[in-house]
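Residue numbers (my numbering): 12 to 90.
Treat the hints as calculated values from the structure; they're not laboratory data. Careful: at least some of the hints might be erroneous.
Restraint-style ranges between C-beta atoms, simulated for each label pair [said to hold, decoys possible]:
#1 Y54 x G83: 29 to 35 Å
#2 P79 x I18: 49 to 55 Å
#3 K53 x D23: 29 to 35 Å
Result set (DSS-like, lysine-lysine): computed pairs, CA atoms no more than 27 Å apart in a straight line [as the list claims (entries may be wrong)]:
#4 K53 x K89
#5 K88 x K62
#6 K53 x K78
#7 K53 x K88
#8 K70 x K53
#9 K78 x K62
#10 K24 x K62
#11 K78 x K89
#12 K24 x K53
#13 K88 x K70
#14 K78 x K88
These figures come from a predicted structure and were not determined experimentally. For glycine and all other residues, C-beta sits at the position ideal for the given N, C-alpha and C.
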Amino acid sequence: MELSAQINAELDKAIDDLTLFDDDLMSKVFDDGAHIIYVNGKYRGEDDFGKLAHDFNCKDADDIYFKPFADGVRHFKKN
12 MELSAQINAE LDKAIDDLTL FDDDLMSKVF DDGAHIIYVN GKYRGEDDFG KLAHDFNCKD
72 ADDIYFKPFA DGVRHFKKN
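Throw the hints in and build the complete structure from the sequences for me.
This is how it looks when you write it as structure tokens:
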């Protein structure tokens with residue numbers, strides 16, 4: 012195998028091993044010190060997090076539990 016083809020194959024393999032949510036990759040891409048937190052948006056518990064997950068999925072601001080959030084997104088939900 013030609014050297015450039017071998018390098019391309021190794022590079023392709025390295026890229027295939029990474030995912031969009033790879034923390035090492037994302038820290039190199041953004042390099043801003045941000046922390047990314049992944050959450051299960053389908054969770055619907057009766058605790059504050061469950062209610063917030065519910066709110067993010069509401070199509071109607073009147074169905075949102077947290078009033079400050081509802082007020083902030085109401086104009087987006089009506090359009």
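Next item on the list: Taking the numbered hints from earlier one at a time, note which ones the structure violates and give those numbers from smallest to largest.
Entry: Failing hints, ascending: 1, 10 and 12.
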